[in-house]
Amino acid sequence: MAKVSKSPWLLHYDASSCNGCDIEVLDCLTPKYDIERFGIINTGDPFQADIFLITGGVNSQTESVVKQIYSQMPEPKVVVAVGICACTGGVFKECYNIKGGIDTVIPVDVYVPGCAARPEAIIDGVLKALKVLDAKQAALEAKGR
Amino acid sequence: MVMKAIYVILFLIFAPFIGGLLDGIDRIISARMQRRKGPSIFQPFYDLGKLFSKEMIAVNNVQLLLNLSYLVILVIAGAMLFAGADLLMVLFILSTADMFLIMAASSDSSPYANMGASREMMQMMAYEPLTLLVAVGFYLTTGSFHVGTIIQQPVSAVLWMPGLLVGFMFTAAIKFRKSPFDLSTSHHAHQEMVKGITTEMSGTTLAIMNIAEYYEMVVILGIFFLFFVNSTWWSWIVALAICFVLFLMETLWDNISARLKWKTVLYGCWVVTLVAGGVNILILMLDK
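Chains as they are written, first to last, in our numbering: chain E, 9 to 153; chain R, 105 to 392.
Worth flagging that the hints you see were computed from the coordinates, not collected in a lab. Being a predicted model, the structure only gives us computed values, none of them experimental. Some hints could be false.
Cβ pair distances, simulated, as ranges [what the hints assert, rightly or not]:
| id | chain 1 | residue 1 | chain 2 | residue 2 | range |
| --- | --- | --- | --- | --- | --- |
| 1 | R | L390 | E | R45 | 52 to 58 Å |
| 2 | E | I31 | R | V176 | 44 to 50 Å |
| 3 | E | P121 | R | F348 | 45 to 51 Å |
| 4 | R | W374 | E | K40 | 53 to 59 Å |
| 5 | E | N27 | R | I387 | 23 to 29 Å |
| 6 | R | F121 | E | E102 | 25 to 31 Å |
| 7 | E | N105 | R | F121 | 51 to 57 Å |
| 8 | R | P215 | E | K75 | 20 to 26 Å |
| 9 | R | V166 | E | D111 | 34 to 40 Å |
| 10 | R | S144 | E | C103 | 40 to 46 Å |
The list that follows gives simulated cross-link-like pairs (lysine-lysine, DSSO-like), each with its CA atoms no further than 30 Å apart [stated by the list, open to error]:
| id | chain 1 | residue 1 | chain 2 | residue 2 |
| --- | --- | --- | --- | --- |
| 11 | E | K136 | R | K108 |
| 12 | E | K75 | E | K107 |
| 13 | E | K139 | R | K392 |
| 14 | E | K11 | R | K367 |
| 15 | R | K141 | E | K144 |
| 16 | E | K107 | E | K139 |
| 17 | R | K108 | E | K40 |
| 18 | E | K107 | E | K11 |
| 19 | R | K108 | E | K14 |
The C-beta atom is built at its ideal place from N, Cα and C for all residues, glycine as well.
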């Protein structure tokens, strides 16, 4: 059985981030960090994605978008919340328009704190998510049989 | 007859593996050109394995069927090429296969997929004239459209049709989906229309599309092969080596060029067709 963690394709969405974490996510693609060595592709298509990577807390405008993208991704899938805002809402937690962390809308598998999260931390979080991804795939197969 | 059957069976079995390996080599070399480490050489196969294991999300029932038709018709075209059949027929069937891909992309409501489909049609308009001229060039050079006859000439066809080779190298970038001509969909992530023609394809459907692309890669390299091969045995080795070098040149071109606008692609291909292909055909008609 082919392991899904051998070729995880990643979808990056900015829920309401200040772009600090977004730039760190893009840093992971640069020659210094090069996440493609793990077979990771930064795709723009939820239909083809395995990892949903979100930066920033959820507000009332992005809530439906986050839910829709999540529903469009085929199983098995994992969600990684990058940055303290995506984890808990961060400094914006008490704002009138912020719902809080990503886990107030969809289930989150891996939390990567930091402001902004460092590229090393993001890669570490994504690799932790790969283990969750494999476990989910195994669970799906067990259920299928 | 037996030899023909062996070639066809070898093509059917090994073409996806060769295509996948070439894709893996392409990705590593691209990464090294950008000073990155790059994925494993077997990454395309890991991708295929994953795609087949994913949950099936289909926007409609017909897309998988149309993608399968794309694969099957491409395989038929390739099998005919490797059986030594009519080159003109092979090229026509190749275009038919592409029509099924366009239908698969147009079968859903995604604006990105539809835009990809219309760009794919535009790309066909760009490369199709030269592809036909290549077939005519082989006829004028060797006196036959039959691949079996073309490969048994005393001298390689490229001596008579260098202009057509240059033109075919130019337009092959469209078939390989390489920059600057990767308008309808791109191997590289993030472009202005998500994934273009493959936007609504996921899991098994996308895997079938990828396998078809690997077959197509081998068919296109097979046509390059025809330019260099002749009746001597060592020309086969030379032709194989040149095919590999041409593939690496496409990778290089992919990495040093940015995507062009569709008008530039269309007119660029037509100018190359007219200048390199047309002049070559004219000389062949007058001199052969």
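Comparing the hints with the structure gives:
no.	hint	verdict
1	R:L390 / E:R45: 52 to 58 Å	holds, 55 Å
2	E:I31 / R:V176: 44 to 50 Å	holds, 45 Å
3	E:P121 / R:F348: 45 to 51 Å	holds, 48 Å
4	R:W374 / E:K40: 53 to 59 Å	violated, 42 Å
5	E:N27 / R:I387: 23 to 29 Å	violated, 58 Å
6	R:F121 / E:E102: 25 to 31 Å	violated, 58 Å
7	E:N105 / R:F121: 51 to 57 Å	holds, 53 Å
8	R:P215 / E:K75: 20 to 26 Å	holds, 21 Å
9	R:V166 / E:D111: 34 to 40 Å	holds, 38 Å
10	R:S144 / E:C103: 40 to 46 Å	holds, 44 Å
11	E:K136 / R:K108	violated, 51 Å
12	E:K75 / E:K107	holds, 13 Å
13	E:K139 / R:K392	violated, 65 Å
14	E:K11 / R:K367	violated, 42 Å
15	R:K141 / E:K144	holds, 29 Å
16	E:K107 / E:K139	holds, 29 Å
17	R:K108 / E:K40	violated, 50 Å
18	E:K107 / E:K11	violated, 35 Å
19	R:K108 / E:K14	violated, 38 Å
Going through the hint list in order, the structure does not satisfy hints 4, 5, 6, 11, 13, 14, 17, 18, 19.
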